[in-house]
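Q: This is what each chain is made of:
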Amino acid sequence: MTIAAAPQTQPLAITAHIAAACDRIAPTWPLDQFIAVNPYWGWRGSPVADAAATLGALAGTSLTMPRSWFRSEHAAGRLAIEHIDAFATSLGDPTLAEAACAVLQQPIDQAQPVLHTMALATGVRDLGGPPQPGQTWADLVTHQISQHCAAHFDGWQGSWHPTQNVDLFSGWRAQLSASHGVKWRHGAGWARAQIASLPVQPEVTIAELLKALDIPAAGHESYLTALLLSVNGWAAWCAYRRWQARLVDADDDAIIGLLAIRITWEWLLRTDAEARDDGADGTAVWTRWTHSWAHAQDAVDAIAIEQRVDWILQGALEQAYQGTLISALTDADTAPSQGPAVQAAFCIDVRSEVFRRALEATTPNVHTRGFAGFFGLPISYTPAGSALTRPQLPGLLAPAMNVTEATAPGAELDDMTNERAATLGNRRAWSLFRSAPSSVFSFVESMGLLYGPKLVKDSLAHTEAPAKWENDGLSAESAARLRPHMSIADGDPAAAAGIAKRVLNAMGLTDGFAPLVLICGHGSQTANNPHAAGLDCGACGGQTGEVNARALADLLNSSVVRGHLAAMDVVVPATTWFVPALHNTTTDEVQLFDTDLLPEGTSAQLRQLQQWLTNAGDRARAERAASLDLGEYAEHSELLKQAVLERANDWSQVRPEWGLAGNAAFIVAPRARTRHMNLGGRSFLHDYDWQLDNDLSVLTLIMTAPMVVTNWINMQYHASTVDNRRYGSGNKVLHNVVGGRLGVFEGNGGDLRLGLAMQSLHDGHSLRHPPLRLSVFVEAPRAGIDSIISQHAVVHDLVANSWLHLLRIEPTTGEVEQWTPDGWQPHR
Amino acid sequence: MSVTIFTALPLWHSFLLLVPAVAALVAVVAARRATSVAAAWRYGRAASVVMLVAGGAGLVARASTSNSAGMLLRADTEGTIMLALVSFVGWVVIRYSQSYLAGDPHEQRYISQLLATLAAVAVVVVANHLVLLTMAWAATSLALHGLLTFFGDRPVAVAVAHKKFILARCADLCMLGAVVAFGTSFGTLRIDQITAEAVAAALPMGARIGIVLVVLAALLKCAQLPFHGWLIQVMEAPTPVSALLHAGVVNLGGFVLLRFAPVVDRAVETRALLIIVGTTTAVIAALVMTTRVSIKVSLAWSTCAQMGFMLMQCGLGIWEMALLHLVAHSLYKAHAFLGAGGAVRQTQRKQLVAKPPAPTGASILVDTTVVVAGTYAAGWAWGKLPFADPPSATVWLLVGIVAVSLVPLASAAHSPGGRRTRLPLIAGTIAIPLAYFALHDVAGQLVPHGQAASPALLVFVAIAFALLFTIHTLCVLVPYGGLSARLYPWMYGGLFLDEAFTRVAFAVWPPPAPRSRPSALPNIAAAAFPDRTLA
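Respectively, the protein sequence lines represent chains G and C. Read in my numbering, the first sequence has 305 at position 58, and its numbers run on one by one without any break. Read in my numbering, the second sequence has 483 at position 502, and its numbers run on one by one without any break.
Extracted from the complex, chain G is given alone in its bound form (with noise of 0.2 angstroms):
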């Protein structure tokens, strides 16, 4: 087979059938921000059942669970057969429930209903002889274009790369035109030949190889699609690179690259295959392959129907698990009390319900409230006299101003950039010694004994919390001295405090200010862990909130800023100081920030805080205890805070902590709504008082930003679960880092791997993150809820395609109503 003279333009509808392959990829962050994405963020404007039969059809993906785990769910009481009638009468379909009913029924290891995925040319090519054996064609190609994805994108791991200035396309066909890997039937020198006949553009290659593999045009977009799944790990590192280039307003195009040598790897491996399966059942094979594509509705149809039911049990568990919570938020006291001595703003973070809920207990005198962790600034961080900048706000948004760190009076700047210079400059001096081919042999016979005492240190148990690496190259000295500073402080005060108030605002914070307020961001304190930035804060670009709370309080402690604010009316009482901090997620430990700064006569208030801080740490520590194995501790704080503290520093802790697992609600609502439930983790929290805000801006952010963060944060934990092969990194103890920060292989290689791995959702006996898409509960008045969702696509999208449930607390009663096509309808 041979493709014809290409022509100068490919026909726009294979343009626009490109397009919509590249989109339906999320993008996925590189390790070191490592933050959360929901795979399906694509397919976010069809409805979610549709999706699913169609990801089931073109890739072999489900979203929900084997219904045996389901049938455990039944048999566990979580998942009542009350719960599947509401559900499905709610749906208008109750003949739906009796065949839900008769699943649940089944033994509980009954095997699932087969269903049936579209071909690629490699499944084809596997119905015959595999390439070696132990090997399939598909894994071969899926190896080779990774192997080669990762050199081209490589900046850290590799010294000697392939030409990487050149666009995916060509640097691939170049390097399997120069491979010999590959046993063709027709020889190397036809498949180079084959390789240089194809136009240079990608995108002309690929109209030209969807005619020479007479793909149907009916199957086009399908088919495209499914071979983008099947690099789905590599196709979604270019679809991040196309995401960070179109934030900044410029553009990415190696997703097409990348199509395009998936197509040929097809193209390849169906001409090369025909030359020998020449007879009437080789051809005959082929030409139902190729008429497959026209009828890919039909499979997606099949898979539907079938599923149908999967979706009323996922639909009815979540339902069962909004109404352990319904009762409880209808029931809360929310009167308000006055006066706290603390106000507490942490991160709607899972895990910081779990603090907050212990500090509020261990004192009244502290008043907590949520709020996106970044502290809504639109910052990137510059660590002083470093040459790396990173963001430190959510993925969804481009940083608009720089941070970085001003030095206490007294310090140099200069001074500290040149120190870092030449310590940092030394270090890879030495790292070159130990990587370079010709030094290797006498790095390992100088220095390789000294490698046995850090298998010693690094093997014993210790307790001291390693220090911030974005420090390294400094003294502690001149560590200690460094400030995160927002230099438009300086330079436009008025503009600052604008900010300062737009922030103040999100937060309901603009009276009644406590004499101490606690920014209190977070992070995480894993060792010799891959995924360690998954486990900081996502809305601070995958880092800890430090930068963020301290840039803050700098902010807003500024006397000129509060000037301009107090215009601006809102007046900040010279009694009150913000104090930033850091909630350690792994430890429960809360760090304190700039506390040299506090104004005189508070010592007593921030020691008095500083207890609190601790003892709640004690409290949340037991209450973790169990969920880390060290249930035996629980009632010994100090034994418990020094196991907890040796975890954290284990390098071979593949569980350090639990992250984000078991999130299932978001609850958008004054804390008093929530103050006397105990929410286990599970939930993200908002703080959001109605009242205040008359034209619906906060709302309005808060259901465009962290609401999708949460539904990002709820899908990557789902899809991870559900099927980990494709959305989740797999077995940890296999994990294999690429690129030094690209993402991790799973083994020797395979697709780069996105997600969660297995040991970040099961303990190895039970599932930690049951997979329950978001219930999101709001508390505000219908209408404006209903206008925000008319005119915002993305939050209609999540709503009405049900990737996320949306229910909404009456304010006067406390009642709660979902949202449904049909208008708002009570809860079931």
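Hints are computed from structural coordinates only; laboratory data are not their basis. All residues carry an ideal CB built from backbone N, CA and C; glycine is no exception. Among the hints, erroneous ones may be present.
Straight-line distance between alpha carbons at most 20 angstroms, and here's what the computed DMTMM-like set of lysine to aspartate or glutamate pairs gives [stated by the list, open to error]:
1. C:K331 x G:E666
2. C:K336 x G:E666
3. C:K336 x G:E711
4. G:K748 x G:D737
5. G:K430 x C:E178
6. G:K888 x G:E711
7. C:K331 x G:D737
Okay, the calculated bits of chain C under chain G, using three or more residues with CB under 8 angstroms as the criterion [to be verified]:
8. 71 to 81
9. 185 to 196
10. 271 to 279
11. 381 to 394
12. 442 to 448
13. 480 to 494
Given chain G's structure and the hints, the job is docking chain C onto it.
A: What follows is chain C alone, placed relative to chain G:
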């Protein structure tokens, strides 16, 4: 050339030598029978502590007595060092594995296979009888096989372990051949007696065949080109298994050669084999390493290269350096694998400083001249390079390899930056060769070095390493230049040697099918989408 003098092995000493292996074996049985995973780990950890203490005691006992050997066992310097090393690595790996593997459905099986591997290695390093050595070496590989196929549901894991299985059995056959050859020509299978016989008179043909077979077994088990593929691809096993494999198993080939050092010294063909294969592997694998894109695979190529270097040292007769290399590499590589999860943090730290501009050709030329001249001067001053003594040619070669390794440090020492930047680097550039000389002296006290290899082989090594340095330097200077671009696909593909070997090996003996394995999370593809049919 001195010959190690052996006395008979005292009973208490042989008991001490066996403690690590016995402790591990007892723990294997206990762990298998344990009623809970926690109990199995307790047995494993207890055994690892016993091994550690006994390994340390073995070193002390050896230091306070002389080399001794019995019928089956042997207490000599390299053996007790290896025993201590293996016990230490075992202690580290078992500690690490307990939390790392927590919750795996086959955790208990893992513990017993890990202990069984350690027990087998602990016998290899104290064995004096060739049959015992052969059996223990084979047992090591068989016990390890269970760990390499720990994820037996992964097709790659199964295929790669099978590849290793084929090679290991070939190596075992070589060792069996060696048993026959040495047995018939010397009438003894005690290794101390074999080496004594070899020193006493010219090598008979049987012994020549025997030692060639031992060398072949070592080359196969040390993953030398073109039989290296399995070592590179076993990232399909849990990280601590990789650590143990790279620190305590793959290097046993070098250790066995150390045991046979006097015989190797006297068989010119084995030296040629070791030097040519070892040097070629070292040079090629070191270059391939720089093209790798994932941390563990890069480490594996590095091991392949380091093993080549160690075997080359065996061929050169610098046994003391081979032992140093083996031990130092074990510690380094165990740490590198166990800490491989820190790769991302390393990247973050590197991002804090801008990459310095690439050095110019002229500056590299100057640096190279300065460090080479300086290192040779230092070597002369240290007394390493007496011009008259015959082994000095080998030492000249070694000092040259150390000298060029310093070029990256020297280049950085005069890159832009204050004086504070330069001082530690200049100090390092001076300290490293001195440390090297000092370690060479210490190692020389422990293990005698052998006879110099033939000049042709020395020239071969010199050219190979000069080539390595030149290619690397050109690739640094002109990253996408003609040479770099032309060589890259070959190095990226590992010269396609493994593909060729695998095709042949699997045609002869195809790998078994993967097994099913309980999975914590649903396997959607298998449960609901078992086949891709053509609708």
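Q: Each of the hints needs a verdict: does it hold here or not?
A: Quick rundown of the hints versus the structure:
Taking the CA atoms of K331 of chain C and E666 of chain G, the gap is near 15 angstroms; set against the 20 angstroms cutoff, the hint holds. Annotation: proposed proximity of K336 of chain C to E666 of chain G holds, straight-line Cα distance about 16 angstroms (limit 20 angstroms). Pair hint K336 of chain C plus E711 of chain G does not hold up; C-alpha atoms about 32 angstroms apart against a cutoff of 20 angstroms. With a C-alpha separation of about 17 angstroms, the suggested pairing of K748 of chain G with D737 of chain G holds against the 20 angstroms cut-off.
For the hint linking K430 of chain G to E178 of chain C, the alpha-carbon distance of about 51 angstroms lies beyond 20 angstroms, and the restraint is violated. Annotation: proposed proximity of K888 of chain G to E711 of chain G holds, straight-line Cα distance about 12 angstroms (limit 20 angstroms). Distance restraint check for K331 of chain C and D737 of chain G: the Cα-Cα separation of roughly 32 angstroms exceeds the 20 angstroms cut-off, and the hinted pair is therefore not satisfied. Using a Cβ-Cβ cut-off of 8 angstroms, 8 residues of the stretch 71 to 81 of chain C lie near chain G, which meets the minimum of three, so the contact claim holds.
Given as covered by chain G, the stretch 185 to 196 of chain C fails the check, having 0 residues with a CB less than 8 angstroms from a CB of that chain where 3 are the minimum. Only residues whose beta carbon comes within less than 8 angstroms of a beta carbon in chain G count, and the stretch 271 to 279 of chain C has 9; three or more means the coverage holds. Coverage of a stretch by a chain is defined here by at least three residues with a beta carbon nearer than 8 angstroms to that chain's beta carbons; for the stretch 381 to 394 of chain C and chain G the count is 11, and the condition holds. Closer than 8 angstroms: that is the beta-carbon criterion, and the stretch 442 to 448 of chain C has 1 residues meeting it against chain G, so the requirement of 3 is violated.
Using a Cβ-Cβ cut-off of 8 angstroms, 6 residues of the stretch 480 to 494 of chain C lie near chain G, which meets the minimum of three, so the contact claim holds.
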